[in-house]
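K.L.:
Work out the full structure: start from the sequences and follow the hints.
Read off the chains here:
2 protein chains.
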Amino acid sequence: MRNLANNLQPLAINAATIKQWSLAQLLDGCARRGVTAVTPWRHHVQELGAAKVRRLFADTGVRISGYCRGGFLTNPDAQAAHDENVEALKEAADVGATSMAIVAGGVASDTKDLSVARQRVTERLNKLFEQAKTYKVPLLIEPLHPMYAGDRSCVNTLSQALDMCDAIDPERSKYLGVICDVYHCWWDPYLKAQIYRAGKDRLQAFHVCDWLVPTKDMLNDRGMMGDGVIDIRGIRHWVDEIGFDGIIEVEIFSERLTALPGEDVLALCIERYQTVV
Amino acid sequence: MRNLANNLQPLAINAATIKQWSLAQLLDGCARRGVTAVTPWRHHVQELGAAKVRRLFADTGVRISGYCRGGFLTNPDAQAAHDENVEALKEAADVGATSMAIVAGGVASDTKDLSVARQRVTERLNKLFEQAKTYKVPLLIEPLHPMYAGDRSCVNTLSQALDMCDAIDPERSKYLGVICDVYHCWWDPYLKAQIYRAGKDRLQAFHVCDWLVPTKDMLNDRGMMGDGVIDIRGIRHWVDEIGFDGIIEVEIFSERLTALPGEDVLALCIERYQTVV
Numbered sequence: 090m091r092n093l094a095n096n097l098q099p100l101a102i103n104a105a106t107i108k109q110w111s112l113a114q115l116l117d118g119c120a121r122r123g124v125t126a127v128t129p130w131r132h133h134v135q136e137l138g139a140a141k142v143r144r145l146f147a148d149t150g151v152r153i154s155g156y157c158r159g160g161f162l163t164n165p166d167a168q169a170a171h172d173e174n175v176e177a178l179k180e181a182a183d184v185g186a187t188s189m190a191i192v193a194g195g196v197a198s199d200t201k202d203l204s205v206a207r208q209r210v211t212e213r214l215n216k217l218f219e220q221a222k223t224y225k226v227p228l229l230i231e232p233l234h235p236m237y238a239g240d241r242s243c244v245n246t247l248s249q250a251l252d253m254c255d256a257i258d259p260e261r262s263k264y265l266g267v268i269c270d271v272y273h274c275w276w277d278p279y280l281k282a283q284i285y286r287a288g289k290d291r292l293q294a295f296h297v298c299d300w301l302v303p304t305k306d307m308l309n310d311r312g313m314m315g316d317g318v319i320d321i322r323g324i325r326h327w328v329d330e331i332g333f334d335g336i337i338e339v340e341i342f343s344e345r346l347t348a349l350p351g352e353d354v355l356a357l358c359i360e361r362y363q364t365v366v
Numbered sequence: 090m091r092n093l094a095n096n097l098q099p100l101a102i103n104a105a106t107i108k109q110w111s112l113a114q115l116l117d118g119c120a121r122r123g124v125t126a127v128t129p130w131r132h133h134v135q136e137l138g139a140a141k142v143r144r145l146f147a148d149t150g151v152r153i154s155g156y157c158r159g160g161f162l163t164n165p166d167a168q169a170a171h172d173e174n175v176e177a178l179k180e181a182a183d184v185g186a187t188s189m190a191i192v193a194g195g196v197a198s199d200t201k202d203l204s205v206a207r208q209r210v211t212e213r214l215n216k217l218f219e220q221a222k223t224y225k226v227p228l229l230i231e232p233l234h235p236m237y238a239g240d241r242s243c244v245n246t247l248s249q250a251l252d253m254c255d256a257i258d259p260e261r262s263k264y265l266g267v268i269c270d271v272y273h274c275w276w277d278p279y280l281k282a283q284i285y286r287a288g289k290d291r292l293q294a295f296h297v298c299d300w301l302v303p304t305k306d307m308l309n310d311r312g313m314m315g316d317g318v319i320d321i322r323g324i325r326h327w328v329d330e331i332g333f334d335g336i337i338e339v340e341i342f343s344e345r346l347t348a349l350p351g352e353d354v355l356a357l358c359i360e361r362y363q364t365v366v
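For the record, the sequence lines run as chains A and B.
Going left to right, the first sequence walks through residues 90 to 366 as our numbering numbers them.
Going left to right, the second sequence walks through residues 90 to 366 as our numbering numbers them.
One or more of the hints may lead you astray.
Copies of one chain are not kept apart here, so a pair can be met inside one copy or by any two copies together.
The calculated BS3-like cross-link candidates involving lysine-lysine, where the alpha carbons are at most 30 angstroms apart (straight line), are [said to hold, decoys possible]: (1) Lys305 / Lys225; (2) Lys222 / Lys141; (3) Lys216 / Lys179; (4) Lys216 / Lys305; (5) Lys201 / Lys216; (6) Lys108 / Lys305; (7) Lys281 / Lys108; (8) Lys179 / Lys305; (9) Lys289 / Lys201; (10) Lys201 / Lys305.
Since the hints were derived computationally from the structure, they do not count as laboratory data.
P.N.:
Put into structure tokens, the structure is as follows:
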């Protein structure tokens with residue numbers, strides 16, 4: 090297993106983890122502390138422009154590890170969903186992101202039939218996959234916790250996401266893969282088997298945070314690694330066993346953390362990455 | 090498919106749905122409206138005594154449909170967990186309940202390894218199963234939504250629950266089965282297949298409510314049928330197809346509903362049962 094205690098190289102910070110900082114502050118903070126990768130969101134690019142974002146990364150020497158995010162493919166308006174995603178892919182390519190996260194979209198607004206929503210996701214990803222190859226930005230399907238099936242994602246397990254990958258990209262081109270985020274996947278009885286099934290070609294990103302007991306808010310009460318009940322190291326062990334040598338990204342939506350000084354949150358991310366992940 | 094519009098016979102009300110009423114008020118209300126079954130909780134029996142509870146049911150002619158609840162089998166103290174469940178089974182037998190719901194218990198307090206918690210549940214259910222046969226009260230494993238894996242149940246899918254049934258009771262004795270509650274199971278991509286796998290021997294109870302978008306509280310913001318995004322009739326169709334002819338129980342934990350007059354909640358349960366389920 091990779092020893093992370095003295096190795097910050099694999100660590101990335103998702104910008105949502107330290108919302109109290111601007112992207113510029115986050116990149117400066119990371120550069121100062123030896124953190125070498127950050128994942129920005131679309132709103133950063135939309136606010137600052139791709140050129141400025143690229144320059145901020147270049148000036149600090151921080152890598153851009155992923156791009157948040159495309160998806161929402163259950164929209165009854167197929168063309169609108171497709172166009173929005175092509176726009177996001179273009180942004181991701183413009184800033185030099187190495188992948189883009191896909192959040193599938195929840196129950197469709199025109200039918201409660203989840204199988205219809207899921208079928209739409211597969212069909213539209215199939216079309217979007219061609220664009221991903223054109224822009225050379227892999228699409229990474231991020232299964233979300235089943236508690237988001239209503240409004241955010243009808244893809245709720247690695248198994249589903251990998252079925253989609255197999256259907257769309259049987260050649261394992263690397264332009265379609267999955268994100269394993271412990272927050273979304275930790276409860277899954279088939280998690281280990283599905284990580285092994287994915288292999289390193291498919292499993293291109295590993296996200297960490299923790300599940301708090303009690304969780305007081307379904308969106309913004311994720312925990313810092315070590316503060317909850319997830320066996321994070323156990324899951325990381327499985328991910329290591331398939332030869333995963335990529336980025337380990339800290340992505341925590343938390344009002345508790347947003348209320349702290351950004352510097353303190355970053356220090357805590359690093360410490361827990363070294364001791365708990 | 091059973092036509093429920095003019096048939097209240099299958100309908101049961103879980104006492105937690107109308108908490109603003111005492112058990113006596115609930116049974117009176119149900120009897121007045123032609124609802125023939127109610128599921129009480131352990132605290133009713135502990136407060137009133139089994140004899141009094143039995144008399145309340147007998148006096149109103151309402152059936153006792155289930156008993157809430159046993160379980161919490163991931164407790165490091167195996168003997169304490171077992172004894173508590175035998176006590177609950179005895180109560181269930183004393184009041185004449187036709188089954189007892191089992192909520193497995195969440196991540197164990199002494200290890201974050203979910204496979205350990207799940208193994209404990211299987212082993213201890215295996216032991217408890219003997220008592221269930223002695224008391225003639227079937228144990229019904231209720232998989233809970235994955236968002237309860239931390240604190241309430243490490244059994245999160247019908248698939249897991251049925252694996253446990255197959256391991257413990259391969260003869261399908263009917264003293265071990267499962268509850269399919271749409272709130273917990275609706276998101277599951279394998280739900281249909283697992284309902285078919287269960288068959289009517291195993292699937293002994295069907296619970297309905299709805300998933301609200303947004304859900305503001307993980308415990309007490311379940312929705313009245315029809316107010317959320319679950320395709321309840323679609324799931325009921327599958328349950329009907331396996332020949333399920335048992336009770337359809339309305340179990341809704343909701344602060345919104347608790348704030349209304351009990352009479353209004355009961356009327357709404359009946360109306361939505363007839364039109365949405």
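K.L.:
For every hint, state whether the structure bears it out.
P.N.:
Right, here's what the structure says about each hint:
For the homomeric pair Lys305 and Lys225, neither the shortest alpha-carbon distance inside one copy (40 angstroms) nor that between copies (39 angstroms) is at most 30 angstroms. In this assembly of identical chains, the alpha carbons of Lys222 and Lys141 lie at most 30 angstroms apart only when taken from the same copy (25 angstroms versus 71 angstroms across copies). Proximity of Lys216 to Lys179 under the C-alpha cut-off of 30 angstroms is restricted to the intra-copy arrangement: shortest distance 15 angstroms within a copy versus 59 angstroms between copies. When the C-alpha separation of Lys216 and Lys305 is checked against a cutoff of 30 angstroms, the pair qualifies neither within a copy, at 38 angstroms, nor between copies, at 35 angstroms.
In this assembly of identical chains, the alpha carbons of Lys201 and Lys216 lie at most 30 angstroms apart only when taken from the same copy (24 angstroms versus 41 angstroms across copies). In the homo-oligomer, the alpha carbons of Lys108 and Lys305 lie at most 30 angstroms apart both inside one protomer (19 angstroms) and across protomers (22 angstroms), since each shortest distance falls under that limit. In this assembly of identical chains, Lys281 and Lys108 lie within 30 angstroms of each other by CA distance neither inside one copy nor across copies; the values are 32 angstroms within and 41 angstroms between. In the homo-oligomer, the alpha carbons of Lys179 and Lys305 never lie at most 30 angstroms apart, since the shortest distance is 37 angstroms inside one protomer and 35 angstroms across protomers.
In this homomeric assembly, Lys289 and Lys201 come within 30 angstroms of each other (Cα to Cα) only across copies, at 26 angstroms, whereas the closest approach inside a single copy is 35 angstroms. For the identical chains of this complex, Lys201 and Lys305 are neighbours both inside a copy (27 angstroms) and across copies (20 angstroms), given an alpha-carbon limit of 30 angstroms.
Hint violations for this structure: numbers 1, 4, 7, 8, all remaining hints satisfied.
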